[in-house]
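Protein chains: 2
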Amino acid sequence: MTQWHQISGGVTAAQGYKAAGITAGLKSSGKPDLALICSDVGAIAAGVFTKSCVRAACVDFDRQVLESGAIVRAILCNAGQANASTGEEGWQNAVECAQLVQKAIGTTEAVMVTSTGVIGKQLLMDKMRSGIPQVVTALTADGGEAAAGAIMTTDTVPKIYALEADFDGKPVRVGGICKGAGMIHPNMATMLGFITSDAAVAPALWQDMLSQAIDKSFNQVTVDGDTSTNDSVIALANGRSGTPGIMQANSAVAQKLEGMLTEVCINLAKAIAKDGEGATSLIEVRVEGAQSENDARKIAKTIVGSALVKSAIFGNDPNWGRIAAAAGRAGVLFDQNKLHIQLGEFVMMTAGTPQDYDRTAASEYLKQDEVKIRVAIGDGKASGLAWGCDLSYDYVKINAEYTT
Amino acid sequence: MTQWHQISGGVTAAQGYKAAGITAGLKSSGKPDLALICSDVGAIAAGVFTKSCVRAACVDFDRQVLESGAIVRAILCNAGQANASTGEEGWQNAVECAQLVQKAIGTTEAVMVTSTGVIGKQLLMDKMRSGIPQVVTALTADGGEAAAGAIMTTDTVPKIYALEADFDGKPVRVGGICKGAGMIHPNMATMLGFITSDAAVAPALWQDMLSQAIDKSFNQVTVDGDTSTNDSVIALANGRSGTPGIMQANSAVAQKLEGMLTEVCINLAKAIAKDGEGATSLIEVRVEGAQSENDARKIAKTIVGSALVKSAIFGNDPNWGRIAAAAGRAGVLFDQNKLHIQLGEFVMMTAGTPQDYDRTAASEYLKQDEVKIRVAIGDGKASGLAWGCDLSYDYVKINAEYTT
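Those protein sequences? They're chains U and F, same order as listed.
As numbered in my numbering, the first sequence has no gaps in its residue numbers, which increase by one up to the final residue, 404.
As numbered in my numbering, the second sequence has no gaps in its residue numbers, which increase by one up to the final residue, 808.
Don't read these hints as lab results, they were simulated from the structure.
The structure presented is a predicted model; accordingly, all values stated were derived computationally and were not measured.
A couple of the hints might just be wrong.
[Unchecked claim] Just the calculated beta-carbon pair ranges, DEER-fashion:
(1) F:Asp-773 <-> U:Thr-137: 49 to 59 Å
(2) F:Asp-773 <-> U:Glu-88: 32 to 42 Å
(3) U:Glu-364 <-> F:Thr-560: 25 to 35 Å
(4) U:Asp-60 <-> F:Thr-560: 42 to 52 Å
(5) F:Asp-762 <-> U:Lys-381: 39 to 49 Å
(6) U:Gln-255 <-> F:Asp-762: 33 to 43 Å
[Unchecked claim] With a straight-line cut-off of 27 Å between C-alpha atoms, the simulated DSSO-like cross-links for lysine-lysine are:
(7) F:Lys-771 <-> U:Lys-121
(8) U:Lys-298 <-> F:Lys-455
(9) U:Lys-338 <-> F:Lys-455
(10) U:Lys-51 <-> F:Lys-785
(11) U:Lys-121 <-> F:Lys-776
(12) F:Lys-742 <-> U:Lys-397
(13) U:Lys-51 <-> F:Lys-771
(14) F:Lys-620 <-> F:Lys-435
(15) U:Lys-121 <-> F:Lys-742
(16) F:Lys-435 <-> F:Lys-525
(17) U:Lys-298 <-> U:Lys-381
(18) U:Lys-51 <-> F:Lys-435
(19) F:Lys-525 <-> U:Lys-367
(20) F:Lys-702 <-> F:Lys-785
(21) U:Lys-298 <-> U:Lys-216
Where a beta carbon is used, it is the ideal one built from N, C-alpha and C, also for glycine.
Throw the hints in and build the complete structure from the sequences for me.
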C-alpha cells in the first residue's frame, strides 16, 4: 500500500541538484557554516516564512524573489549571524550575497539567501566574499549531507530525509534538510528547512502543496514557543524527473506529490522536536474527535507546548490533569464531559471522568524515547498531530549560559 | 497627589469583613488548607474566571451565583484538591460545600466556593464536613493574614495588599489576597484572588471595574503560560463605609474606586510574578508607542512570557535580540525600523538599529531582584505593562518532581 519509500541524500536525492557545506569562518567554533543548494537548471520555488514583524533581511529578500515569480537557481544558507535586526546595512548585505552567488555560478537566475545565528549582528561580509566562491566550487551531486551539517547551530544531529515514488514508470524524488533545536538559542536563531524535488509541477500548485504540508508538520512542532525572526522553509522543483507536468490540484498525481512533500516535512519536523534543546524524549500528541483538522491541531500544539506537560514528562510523572488543563485553554470550545485522555495505552480520563490506572507502569512508559499522548474531545471526526519534547534542566542551562 | 495609601489587613482591611484560615486535613503536609472570607452583611459580588473549557466545578458554581445576581455573604476556599475534572460528583460536592457554609453561618444568602490543588481528585468531603463549621467559628476581624496563608500551595509567601482613601471625609478601603506561583504546580492548580471593599457601588459598575482592573493586572502576569482550570478573582463590596453609593461610571468617585481596585490587583499580581516557581527576579516589561493599550499589553506579555527572554535573564545575559524577536511575534504589526529596546538604562536598539552598550554593566544590571525592560514601537501613544519572572533550573525541578 505504501506509495513511496525512503532513500538517502536529502537535498541531493532528487535529480539535477548539487550541494555543499564548507567552513567560511562565520562561526567562532570553526565548524562548517556556509551551505549552498544548487539546481542544475532553473527551478520553480515555493516558500513559507516567519510571520513575525521583526524579520531578518534575508526573509524580506526571499519574499521579493518569490513574489516576482522568478526562476530560482540556488539557495545560500549561512550559520553564525542571523542578519536580523540589522537595519539597512543588513539588507544591502543580503542583496550582495545573492549577487556573489550568481556571479560565482555564472547565472542571472535568482538566488535565495537564508541566515541563522546571532540576532543584531551584521554578517561577516569579508568571510562571505571569500567563502561564496569556495562553496560554489565545492558543489557535488552527493553534497546533501555536507549542506545539512553546515546549517546546524545548537543542533546535535544533522536532519535529512528523502522519499522516492514511481510516477508512470519514472522515479520522482522529494528530499530535504532542516535545522533547529530551540527556536532561538543563545544568539543562535531559527528553524530553516530546504526541500528539493525533481517533480514537474505548476508553481502555484507547488506553493499550495508546501503551505499545506507545513501546516501539518513544521507548524505543528514546538520546542519553546519562540517563533524566530528567520524561520523559513523553501522548496525547489526542477522538473528533471522527466515526468509529465502536474497542473491540476486534486489529481491523483498531485495528491501523491503533496503526500510525499508532507511526509518529508513531517519527518524533518519530528527530527527538530527530537533534537530540542535539552530534550530527553520526543512527544507526539494526537487529538481526535474535533470538528476540523485546524481545531485538532490547535489543541495538540497547545498540549505539546505546555511547560507543565513538558516538565511532567521529563520527571516521568503521569500528571494527566495538566493535559486536560492545556486542552481546555487551547481556544477550541468542547464539552469537558466528553474528554478522553490517554498516555500510551493508559487511559487516564474517559467521558470526562477520572479513571484508575497503573501509576508505576505509566511512569515507566514516560521513560521511553518517544511518548504518545492521545486526546479525544467527542465533537467530530477530524484529527491532528503535534510534536514537541520534554523540558529539562539542560534547556534552561543551554539558554541561560552567558555566552557573549 | 497620592489619592490613597497602603494599609494592612488584606481582605479584612475593609469594614465589616471577617476571615479565617485553618487546617482541615485536605493537604497531606498538614499545613493550613481551608479559608473563609465573610461579610457581616450581604455584599454585591463581581468575578472573573478562567476562560478554559476544562473548568473546575466551583467555577461553574460561582458563575451561576453571579449570573443570578445573588447577594453574597461569604467565599470559601480550600487548598489540596482543585475539584476540576471531577465530573458530576465534583459538582455535587461544590453545591454541598456552599450549603455547609450557609448552614454554619446561619444565612440563606449566597456563598461562593473556590478550590486549588490536584486536578482530577475529588474533594475530601469528610474533611470538608468537619472543617467548615470550624472555619466559621474561627472567623475574626483580623483574620485576613490567616486566610492568605490557608490558600497557598507552592507559594513561598502569603500575598496581601490593601489601600485606604478618603471619600468625602469617610474612609473607603479595598484589600485583597491571592495565591499562585506556577499556573499549575505538580498537582497544585491555580491563580486565585479575593478582594473585599466597604465601598457602596452599583453591582454592574463593580463588575466593570473588576474586569478593567484584571486586564491591567492579573491578566498581564505570566509564570509559565499555563492558564489553569480554576483561575478566579472574586471581589465583594458591602457598602459598610457608609459613603454615598457610586452609581455613575466615569464619575470622579468611580474613577477613584477603580484606581484603588486596579492598584490592589497590580500589587497582588506582581507578588505572584515575584513568587513564580523557581524565580530569582521579577521582570517588568513596559511597551510604549502602541496604537492601543491592548496592543501594548499584548506585546509586553509576549516578551515577559518568552522562555528565551526568561532564561537569558536568569543567566544575566543581555541578549536583546530575543526581546526583539518576541515583540515581533506578538501578533501586533509594527515597523521594525522604529523599534527601540532598553534593558534598565541600557539602550540596545533604537530606530531599528543595534547600539553599542556596556555589556558587563548590563549583565550586572540583570542580577537585580527586579529587572525592567522598555520597548517602544513608534506607532502611537498607548502603553502597557506586564510582569513575569526568570526561568531557572528550579522551575523545572519543581515541576518535574514525581510527587504522586
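(request) Starting from the hint 33 to 43 Å, judge whether the C-beta atoms of Gln-255 of chain U and Asp-762 of chain F obey it. (result) The hint (33 to 43 Å, Cβ to Cβ) is violated, given that Gln-255 of chain U and Asp-762 of chain F are roughly 59 Å apart.
(message) Lys-771 of chain F and Lys-121 of chain U were given as a pair; does the straight-line alpha-carbon distance stay at or below 27 Å?
(response) holds (25 Å)
(message) For Lys-525 of chain F and Lys-367 of chain U, compute the direct alpha-carbon distance and say whether it is at most 27 Å.
(response) Given pair Lys-525 of chain F, Lys-367 of chain U holds - Cα atoms ~25 Å apart, limit 27 Å.
(request) Evaluate the given range 25 to 35 Å for the C-beta pair formed by Glu-364 of chain U and Thr-560 of chain F. (result) holds (33 Å)
(request) Please test the hint of 49 to 59 Å on the beta carbon pair from Asp-773 of chain F and Thr-137 of chain U. (result) This hint holds: roughly 56 Å between Cβ atoms.
(message) What's the verdict on Lys-51 of chain U and Lys-771 of chain F, does the C-alpha distance respect the 27 Å limit or exceed it?
(response) With Cα atoms ~33 Å apart, Lys-51 of chain U and Lys-771 of chain F exceed 27 Å; violated.
(request) Starting from the hint 42 to 52 Å, judge whether the C-beta atoms of Asp-60 of chain U and Thr-560 of chain F obey it. (result) The hinted range 42 to 52 Å holds for Asp-60 of chain U and Thr-560 of chain F, with Cβ atoms some 47 Å apart.
(message) Hinted pair, alpha-carbon criterion (27 Å max): Lys-51 of chain U, Lys-785 of chain F. Please report holds or violated.
(response) Between Lys-51 of chain U and Lys-785 of chain F the Cα gap is close to 25 Å, so the pair holds against 27 Å.
(message) 39 to 49 Å was suggested as the range; check whether the CB atoms of Asp-762 of chain F and Lys-381 of chain U agree with it.
(response) violated (60 Å)
(message) Hinted pair, alpha-carbon criterion (27 Å max): Lys-620 of chain F, Lys-435 of chain F. Please report holds or violated.
(response) It is violated: about 32 Å lies between the C-alpha atoms, which goes past 27 Å.
(request) Take a quick look at whether Lys-702 of chain F and Lys-785 of chain F sit within 27 Å of each other, Cα to Cα. (result) Roughly 15 Å between the alpha carbons, so the hint for Lys-702 of chain F and Lys-785 of chain F holds.
(request) Take a quick look at whether Lys-121 of chain U and Lys-776 of chain F sit within 27 Å of each other, Cα to Cα. (result) The given pair, whose Cα atoms are some 23 Å apart, holds under the 27 Å limit.
Checked against the numbered hints above, the structure breaks hints 5, 6, 12, 13, 14 and 18 and satisfies the rest.
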